[in-house]
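The chain contents come next:
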Amino acid sequence: MAGALEAQSLAKRYRKKWALQDCSFVLPKGRIAALVGPNGAGKTTLLHIAVGLLEPTAGSVHVLGGKPAENEEMLSRVGFVAQDTPLYDNFTGADLISFGYHTNRTWDGEFAQERLAALQIPLDQRASTLSGGQRAQLALALALAKRPELLLLDEPLASLDPLARREFLGTLMESAAEYEITVLLSSHLITDLERVCDYLMILSNGRLQLGGSIEDLVEQHRVLIGPRRTGVKHHAISGVAQVLDESVAGRQETLVVRVDGPIIDPKWEEYEVTLEDIVLAYLGQKDAPAETKKNVRAVAARKAQ
Amino acid sequence: MIWVAWRQHRQQAMAGAGLLALLGAFVLVTGLQMSHSFHSTGLADCIKISQNPSCFDLSDAFMRRFGSEQVFAILFVVLPVLAGMFWGAPLVARELERGTQRLAWTQSISRRRWLSWKVGFVGAVTALAGAVFALLVSWWMSPLLKVTSYRDNSGAAGFRPGLFDLHGVVPIGYALFALALGLALGHVIGKVLPAMGATLAGFIGVRVIVELFARPHYIAPKIANLRFLGPDAHGWTIKAYSIDASGRRFAANGISPSDITYFRAHCPGFPMGPGVVGPKADVAAKLADACYTRVGLHTIEAYQPASRYWTFQWIEFAIFVGLAIALVGFVVWRINRTAS
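From first to last, the protein sequence lines stand for chains A and B. According to the working numbering, the residues represented by the first sequence are 1 to 305, in order. According to the working numbering, the residues represented by the second sequence are 306 to 645, in order.
For the record, the hints were derived by calculation from the structure and aren't laboratory data. Treat the hints with caution; some may be incorrect.
The calculated label-pair distances, taken between Cβ atoms and stated as ranges, are [said to hold, decoys possible]: (1) B:A330 x A:E174: 22 to 28 Å; (2) B:M306 x A:P38: 38 to 44 Å; (3) B:V493 x A:E110: 23 to 29 Å; (4) A:E194 x B:S421: 42 to 48 Å; (5) B:V493 x A:G66: 26 to 32 Å; (6) A:R13 x B:G634: 26 to 32 Å; (7) A:N39 x B:R315: 34 to 40 Å; (8) B:A326 x A:P38: 51 to 57 Å; (9) A:G66 x B:M306: 20 to 26 Å; (10) B:V637 x A:E178: 35 to 41 Å; (11) B:A322 x A:V26: 50 to 56 Å; (12) A:R13 x B:G404: 19 to 25 Å; (13) B:R403 x A:L189: 24 to 30 Å.
The calculated lysine to any residue pairs, modelled on SDA-like cross-linking and capped at a C-alpha distance of 20 Å, are [claimed, not checked]: (14) B:K496 x A:I225; (15) B:K591 x B:V633; (16) A:K267 x A:I225; (17) B:K544 x B:N458; (18) B:K527 x B:T616; (19) B:K496 x A:D84; (20) B:K496 x A:D89; (21) A:K67 x B:A409; (22) B:K544 x B:K496; (23) A:K67 x B:K544; (24) A:K67 x B:I640; (25) A:K17 x A:R207; (26) A:K67 x B:N641.
Short, incomplete list of chain B residues facing chain A, as computed with Cβ under 8 Å [what the hints assert, rightly or not]: (27) R403; (28) L408; (29) W410; (30) T411; (31) Q412; (32) S413; (33) I414; (34) S415; (35) R417; (36) S612; (37) A631.
Note that beta-carbon positions come from the ideal geometry of N, C-alpha and C, so glycine has one too.
Between the sequences and the hints, there should be enough to build the whole structure, so can you do that?
As structure tokens, then:
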């Protein structure tokens, strides 16, 4: 099955620093995918390459079977909401809809107007005077009015309060389902996206740590809790392919593992993982960021329940 | 897309139009006064006869009244670079500075088409404003230039550096060049204010270099052999010196004390100083002239004849428009190299 977005050994270097390295993945069509990673992980770089704002240093990327932004037809099939939702500050909502009409091949201005009316965002107010949530909604409405097949959003929730987040994701999900849009949205927090995504990509230090459908990922991972055992290699546990994270609380030990078979050893209690467990475990794999510490607490808290 | 360009840049366009309207009104009012006085006093008809010395008093009165308005000419020298700083520099730099290129370049319009609409719109406005203003200033200056040409007997005051730059077609070329320079520097620098500063510096640099080093040589100057301290050749004098039969060189425009010693050695009775006045002045002048003839003193002048004025205007216009096209071409090439 052809992917909506495919990358082969994608890499991007800024002067001496690699922002993205050896990144290969296939994002299947029809997915709502979360691109998760800490700040500076390379999420924006990856998205900018996908929409043609940046050129990769090495490797290749295909969007809907073509090169990013290779022509105006390709541009018209991909929607993009950039970080901090850039809009022309002195344009009103109506101006921005008009802007979209003049700069796009397919344009559903009515959709954008209806959307904004439903959200009670005034059309005659300048973008600079709108709240963060309204700006984000306006940017989303503009991106959707393009009728894209693939929609990429860079940290769209970062500046929104919880209510605005819910509204934003509501609009996004509704439209994605109605128009069968493949969506890839980045965030540094998975908790925001848990409810809406069915695909997960974890990016850290410029490398893709994990990518797959959430159903499969939850299937493949477990939290194990058992007695603390010193000097014993964990991979000795039958059914465990890889220990991703381990933490000790008192005489107990908590592991986040990838499994390749049933856990038979009765010493280990088996629990389902949450997406947060998986994300934090994979982010901790290399040059553990501070968030891993939270993982220890999260797992310890679960045991206490 | 023309709508987008207009919507995006209408504030700058309006501000520019406002400034030009203000200046235009000033130019119109003073120009009408000047033109009226030039014709009603009879000065216009008087100086049609070349070298007519009787117009001198009239021209004096005219220059006393209007000569000070030449100061405003400085304003018109500055105008083109304002187009570069306030229209050209922000054109792409503001998008890069605010990150809105991420919005513009991800709609379904190629970057080159996007750029050509913006540059086309602002470029057309600049060319139009430049043309209107160049015409207006040319009309405004023409009595001043005619009187000045009469008074310095060059026949071509408009050819002089500083005046050449203000009228004819060159101001349009300067404005288009400034615009393209602002655009290119804005794209490279990516910040509006530094780009404006760089545009100002770059524009001044290029203008000075062209004016001092290129313009005198667009066409090889003519050489004239003239009477010492007599009238200049008609046109723009580039270089002049005086020489006598023995090969001694003199300044073309005056006599130094050592020259006087030299003349007195050859012609006894040569006046002691240049400041001989009163009834003896005529006698002194005749004596001096006789001496110049005797030592074979004459002036060699390299000059651009007044008849080349429009040729030079078009050459300089072509140079600046050519530079503008090259700069826009550079941006068109660079904008597709994806770096944001």
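Hints and how they fare:
1. B:A330 x A:E174: 22 to 28 Å: 57 Å, violated
2. B:M306 x A:P38: 38 to 44 Å: 40 Å, holds
3. B:V493 x A:E110: 23 to 29 Å: Because 41 Å falls outside the window, the suggested range is violated.
4. A:E194 x B:S421: 42 to 48 Å: Taking Cβ atoms as reference, A:E194 and B:S421 lie about 46 Å apart, which means the hint holds.
5. B:V493 x A:G66: 26 to 32 Å: 30 Å, holds
6. A:R13 x B:G634: 26 to 32 Å: Hint holds: Cβ distance 29 Å, inside 26 to 32 Å.
7. A:N39 x B:R315: 34 to 40 Å: Given range 34 to 40 Å: holds, Cβ gap about 38 Å.
8. B:A326 x A:P38: 51 to 57 Å: Since the Cβ atoms of B:A326 and A:P38 sit about 55 Å apart, the hinted range of 51 to 57 Å holds.
9. A:G66 x B:M306: 20 to 26 Å: Between A:G66 and B:M306, where Cβ atoms are some 23 Å apart, the hint holds.
10. B:V637 x A:E178: 35 to 41 Å: Holds - the Cβ-Cβ distance for B:V637 and A:E178, about 40 Å, lies within 35 to 41 Å.
11. B:A322 x A:V26: 50 to 56 Å: Once the Cβ atoms are compared, 55 Å apart, the range 50 to 56 Å for A:V26 and B:A322 holds.
12. A:R13 x B:G404: 19 to 25 Å: 22 Å, holds
13. B:R403 x A:L189: 24 to 30 Å: With a Cβ separation near 26 Å, B:R403 and A:L189 satisfy 24 to 30 Å, so the hint holds.
14. B:K496 x A:I225: 56 Å, violated
15. B:K591 x B:V633: Not satisfied, since the Cα-Cα distance of roughly 62 Å exceeds 20 Å.
16. A:K267 x A:I225: 8 Å, holds
17. B:K544 x B:N458: Answer holds: B:K544 to B:N458 is near 17 Å, not above 20 Å.
18. B:K527 x B:T616: With a Cα-Cα distance of about 15 Å, the restraint between B:K527 and B:T616 holds, given a limit of 20 Å.
19. B:K496 x A:D84: Holds: B:K496 and A:D84 sit about 19 Å apart, inside 20 Å.
20. B:K496 x A:D89: 17 Å, holds
21. A:K67 x B:A409: Since the Cα atoms of A:K67 and B:A409 sit roughly 19 Å apart, the hinted pair holds (cutoff 20 Å).
22. B:K544 x B:K496: 44 Å, violated
23. A:K67 x B:K544: 62 Å, violated
24. A:K67 x B:I640: Holds, at roughly 17 Å.
25. A:K17 x A:R207: 13 Å, holds
26. A:K67 x B:N641: Roughly 14 Å separates the two Cα atoms, so the pair holds.
27. R403: 6 Å, holds
28. L408: 5 Å, holds
29. W410: 6 Å, holds
30. T411: 4 Å, holds
31. Q412: Holds - the Cβ of B:Q412 comes within 8 Å of chain A, reaching about 4 Å at its closest.
32. S413: Where the cut-off is 8 Å and the nearest Cβ of chain A is about 4 Å from B:S413, the hint holds.
33. I414: 5 Å, holds
34. S415: 5 Å, holds
35. R417: Interface hint status for B:R417: violated (10 Å vs cutoff 8 Å).
36. S612: 51 Å, violated
37. A631: 25 Å, violated
Hints 1, 3, 14, 15, 22, 23, 35, 36, 37 from the list above are not met by this structure, while the remaining hints are.
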